[in-house]
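Student: Just need the whole structure built from these sequences, with the hints factored in.
Going by our numbering, the letters in the sequence shown line up with residues 255 to 323, in that order.
With a Cα cut of at most 25 angstroms, we get these calculated PhoX-like pairs of lysine-lysine:
1) Lys294 with Lys305
2) Lys292 with Lys277
3) Lys277 with Lys294
What follows is a set of in silico ranges between Cβ atoms, one per label pair, in the way DEER data are often shown:
4) Ile299 with Asp257: 28 to 36 angstroms
5) Asp257 with Gly300: 28 to 36 angstroms
6) Met255 with Tyr279: 14 to 22 angstroms
It is worth saying that the hints were derived from the structure and are not from the lab.
Here a beta-carbon is modelled for each residue, glycine too, at the ideal position from N, C-alpha and C.
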Amino acid sequence: MSDAAALIRDDILNSISNLFGIKIYDELQVEQGYLNLKWKIETDIGSLFVKQYNKTRYPENFVMILRSP
Numbered sequence: 255m256s257d258a259a260a261l262i263r264d265d266i267l268n269s270i271s272n273l274f275g276i277k278i279y280d281e282l283q284v285e286q287g288y289l290n291l292k293w294k295i296e297t298d299i300g301s302l303f304v305k306q307y308n309k310t311r312y313p314e315n316f317v318m319i320l321r322s323p
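Tutor: If you want it as structure tokens, here you go:
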């Protein structure tokens, strides 16, 4: 894993812990796919899948649609 990917991973996993109060015990990077970063994480509430969308492939206006209720 590159240094940039490790920084992104750490930022995302810290955000999950801080925002949702979830304790993360383990993480495994999922290598399949093109540009997006993905992990399977083991937490105090069970297994979760985490995906970081690549900004080149998915511009900000597309990601905003995903966040809309």
